[in-house]
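Visitor: Fit chains B, C and D to the given chain A structure using the hints.
Here is what each chain is made of, one letter per residue.
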Amino acid sequence: MSWAGLFAVWAGSLALVAMALAVTRPNVVHALIWVVAGLLSLAAGFFALGAGFAGAVQILIYAGAIIAVFVFVVMTIDSGPEAIARERGWLGTGWKLPLALVVLVLAPAVFGLAATAGPGAPTPVSPVALGATLFGPWAVAVEAASAMLIAALLGARHLARRERAP
Amino acid sequence: MALTALIVLPLLGGVAALLAPRLGRDAERWLSIGLLAVALIALVVAWTGAPPEDAPGEQWLAMVRYQYAPALGLQFLLAMDGLSAALVAVSLVLGIISVIVSWNIRKDSGLFHACLLWTVAASNGVFLSMDLLFFAFFWELMLVPSFLLISIWGHGDREAVALKFLVFNAVAGLGLLAGVFWMAATAPEITFDAFVFAEMGIPPVAQVWLLLGFALAFLTKLPAPPLHAWLPDAHTMAPTAGSILLAGLLLKTGAYGLFRFPGMLFPDGFHVLAPFGLALGAFGTIYGAVLACGQTDAKRLVAYTSVAHMSIVLMGLAGGVHFAMMGAGVEMIAHAFSASALFLLIGALYDRVGTRDLRELGGLMQTSPRFAAAFAVFFSAALAMPGTANFLGEALVITGMFQVNWVLAAIALVSLVISVVYATRLLKRIIFGVPSRACVTQDLDWAELGPIVVLATGTLLFGLLPQLLLVVLEPAVDAALAPLARP
Amino acid sequence: MIDLPFFLVASLVLAVGLFAVGLFGLMLRRGILFQIIALEIMLTGPALAFVAAGAHHGDPGGQGMFVFVLVLAASEVALGLALYLRLGRLADVADSDSVRTLRH
Amino acid sequence: MSLSPFLALLLVPMPAMGAFLLLGLGPAHLERRAVQTVGMLGAVAPMAVMLPLGAYCLAGVCDGVQPIFDLTVGDAVVALALKLDPLSALVGVTVTAIGACVITYSVDYMAKAEVPDQRRYFALMNLFLASMLCMVLAGDSIVLFLGWELMGLCSFFLIAYHVTSARAIAAGRKAFLITRVADALLLAGLLLLFLEAGSVRLDALIPAGIATDEVRRGLIAALLLGGALGKSAQIPFHTWLPSAMAGPTPVSALLHSATMVAAGAFLLARFAPFLQAAPLVMAATAVFGAATALFGAVSAVFQKDIKRLLAYSSISQIGFMLLAIGLGAPEVAIAHFVVHAIFKSLLFLSAGDMTQMARGTTDISAMRGALWARPLAYLAFVAGAASLAGIPVITAGWFSKEAILAAAWLAGPFGVLLWLVAMAAAVMTAVYAFRPVFVGLTRIDRPRPTVGGLFTNVPVVALAIATFAVAPLVEPMVAFLGGVPPHPPRAVELLGAAAPFLGMVMAAALTFVPRLSMRVSRARRLRSGIRIDGIYQVTFVQPFVGLVRWLTGQKGGIADPVGTLPILGAERLTAAVVRPFAHDPLDRGWSRFSAGLVRGWAAGRRLQTGRARDYALALAFGLALILLIAWGTTWR
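Residue numbers (the working numbering), protein chains in the order written: chain A, 1 to 166; chain B, 1 to 487; chain C, 1 to 104; chain D, 1 to 636.
Looking at chain A on its own, in the form it has when it is part of the complex (with noise of 0.2 Å):
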């Protein structure tokens, strides 16, 4: 058993359980909180598991990036009183068939791989690896995820505009 796999599952298990909060909560701002909580706790776990980079790209890219444009966005709507009073109302109905549904995506998945459990320990791999690979085989592939990019940002920049020109 290597202390490096199990301080990695301690904090994937964080992660769920902040990511579950996140779910349920009916204020935006709050369920954005137990976003970032969970990001964080997942970070942790990827130095644990050996994945430097992974996990300084998270903190830095995923939890301050996206989440805080998400933030930003929040800032623009009205998270008023009344929207949290009808999140809530929301919640109240139709949780059960979902609930059901993921009770029944995780019944297998668990089962079937506890049985497998065995020994072994995560081998950290450098970034260097890393930089290796992304820009050696895989060049095409950066390139195709940049162009991706690009078309998001255009994307999000036309939508977002206030229509001006009738």
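Don't take every hint at face value.
Unchecked claim - With the C-beta cut set under 7 Å, the calculated list includes, among others, these residues of chain C facing chain D:
hint	residue
1	Leu26
2	Leu85
3	Leu87
What the hints assert, rightly or not - Label pairs and their in silico Cβ distance ranges:
hint	chain 1	residue 1	chain 2	residue 2	range
4	A	Ala147	C	His57	40 to 48 Å
5	D	Ile558	B	Pro203	38 to 46 Å
6	D	Arg32	B	Asp351	31 to 39 Å
Don't read these hints as lab results, they were simulated from the structure. Ideal Cβ placement from N, Cα and C applies to all residues, glycine included.
Guide: This is chains B, C and D only, laid out in the frame that chain A set:
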């Protein structure tokens, strides 16, 4: 070559006539007359040309054979003998007359003249083609332009009547088609050549059925009594030119068919069915004559007289005796002249007075003597007065009937007597009596008198100098009777 | 049965869990913003799985795929929020159920 | 062809035919004077041509045939020709002479009619003359029948000359129809003869006819007799002649008394050798002749109209001719034909003239005082009546009638019986002949005597002279025709001579004794020829009209039943065949299937709610399913 011109010329002429109205006033009328005149010249050329040597009989005056699809047995075979030459000549002359007569028809006259020419072309096709497929084709083709003639330029409820005419003749045409295809199928190798069928030796039982099929088509067109219902309506509702073509051409095709094919293709069938033909003919003359006496519409009256006269032709043809066949041939030509003339006169009267109802007419003698004189001449023709070709035809048929069975001759004579009743009735109602308010103001003008004079000379000429016609018909009748081998 | 290290198995289970939570959120919440958040959560599931597998095999590919997941998440959020804003302006509604048809 | 003297034969009918063509169908417009001259020329010219021919014939050369043209029909040769022999010469001369007289008379008579009517009248009269000459001079059956029928046609048009009077038209139609029935019989006979002989020439037909078997010969002879009876208005077919008087008087004079009506007798005389070969038919001819003679005479007595009286008189006189032919003495009959033509046309013309005076009414009572009103016409009428009655020695009528009576007497026991009937008829003839004469004598207030025009008087005087001049010629005429004039025993001759005087006495009684003349005027049944006309109407005309009305659907039934038969059958057939296929079962099955699809589709559409959450639900459901399957399979 001249023979094909007889058919192709009017056919293409029809198309040209369609476009002619653009060229100028009456362009299509002169075009039609010109074309028919050229066709007449072609006929004379074919007639006087050297008789074909490969023709299977000696009565053929001209012959054209062009095998365009030997594998399928398809060929374009035209042959002309005395009778078909005479009938084609009559149809061309009547074609010209019907153009002259309908000089004041303005409603899309291009199509009108096209239909006229196509009817003439199709009937020429029937009279000339000895290839049964083409015969059947022209037989059906004839119906279309005449249908148009009646349904577009007719009077009264012309569409229903035109449809009745079309249905009657088209359905009857199926009998002919069935026979032709059956023969083509059972021929040693696929062909539609009538000469081949003649020597093919069709089994007698089949001959009877085939003759029935052929007879169905021919008798409807003749018309013989049970199948004649289309004629009176078609005649009353047809325009003058239509009536002339109907009486002059279409009726003759039925008779021509009965003249040519039963003797040649189904001799045994003929011997079996001849008595029925005679009986039908006899009944037809009396039935037609009696009905003619009761009509109130002038054209219907003349239509029923056509039924009576053509039934006498049927008796002549079914008699199978030399005199009777000769009489039938002469009566065909004579009736073409007299019936067309009567229709022309009644048509002219209708154009002037607007009614054909005998009860409203009268007094033509006082107001227009020339009209009355013309009526009198063709009144005597309808009566089969000696000196007219009608008498020659009917006398010969009656002579033939005496050789066959004297009862038939008696019936024909009774029909002659009844003809007095309806003829004098027609004359009394139109010419005699006090001029009714629908009396005619202006007399026949030259456009109408020309055709009348032509038809009158035709009737009287062949009546007084019959050998002109008999010499022409002689070989055709001998050839038609040869296979029947009856004295 | 082949044997996998405990941490890998556990991580995979957690990944599935995360994905399930995200899915649950998506099914549960009617608010469009919450649904976008739920989507983000769903994405973290595979991210974790990739990194765990990468760690288990010592293959940088795992982390590479994590980068791609990241890129995907970023562009997806951008467009999602832009659509949300536009939708908000047009029909000033936050509820995804009322946006039934594409006609707006 | 050799320029034979008989070429002139062709010329005889030519002028009349020419006049007809010019007047009838000619387009040129002619005034009154031109029409009359052409009409006159057309009538007189044939006489001018015929007389020399007659003389030529008298001179001995009298048996020539002038062929016109011949044609071959199958194996038979049809050779048309004109023929000159004593019979045709004599009758030809008579016809042309009478024709000339009547037509010149009609120039005056018709003077008042308008030009187109006059033109039509003269055209038709000339056509008639031409056709009569054709028939008389015919050398073959075709030309004979041509003339025969054309005469019928002309008689129709001439009877119906007054086109506006319905009675005239009806009379014309009746005459034409009845003669046409007779013509049909004649045509049948001639055609049968043609079939026997293979040629149409008379000199070939008659021997061939004689040569055939007994039955066929009898049949043909009977048919010829039927034809003759019809045209000559004898017993079964006589009803048309009295009503034919509706035509103008000259027409009655020429057609319906002298020439056309007697054509039947001429026909039988022409075929006499053939008829003699059929004794049964000869007897029938004699009986018909005698019966008609008596019936005609009796009916004539009771007539009130002078023209109808003369019509019945013609019927009776032709009966005498048929009697003579039936007894085997055609020459005598033809002699009587000639004489009768003369005095009958004289009677008609003079009666016509008198009616002009009586303002056109042809009633006998209107002739009262005619002696003073119209002396010339009246005297001519008396001459005609005398010849008709047969005043002995001075009138031609007596000679020809005496010859017939003699022939009857000499024809054996059966002949004597006929002689009695003939004698009765002769007496009656005298009665009806002299009744109008005596009416004419009755005195009325003194009218101014008037005289007809020149054109009227010349023919009347000529005919009057002829009735007396011809008297001595009757015997030679019979000899000329080749017959032997019969000489009965003296007593019989005296009896014959007495008959007319007896008749005169009875006539005087009938006219002057008021009681008797009342009986005469009231005998309506006898006057209408014992209503035979009505009988024909009921037995023939009404059933025919009924049949016509039934067939043309005027009596409720469908029009033209035989014609509509196939149409009704076709309609019923199509209805029976087409109805089951109107709603095609297969077709209905398919339409139901497609309806099901549509419903299913609609249900499917409800799944797409448009709400993202539901789609997430479906996503989750699908994922769960997959994982379950994956887990399930690894389980094993």
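Visitor: So, for every hint listed, does it hold in this structure?
Guide: Status of each hint after checking the structure:
For the restraint placing Leu26 of chain C at the interface with chain D, the shortest Cβ-Cβ distance is roughly 4 Å, inside the 7 Å limit, so the hint holds. The criterion of a C-beta within 7 Å of any C-beta in chain D is not met by Leu85 of chain C, whose closest approach is roughly 17 Å, and the hint is violated. Because the beta carbon of Leu87 of chain C sits about 12 Å from the nearest beta carbon in chain D, more than 7 Å, this interface hint is broken. For Ala147 of chain A paired with His57 of chain C, a C-beta distance near 29 Å fails the hint of 40 to 48 Å.
Evaluation of the 38 to 46 Å hint for Ile558 of chain D and Pro203 of chain B yields a pass: the beta carbon distance comes to about 41 Å. Range check, Arg32 of chain D to Asp351 of chain B: about 33 Å between beta-carbon atoms, so the 31 to 39 Å window is met.
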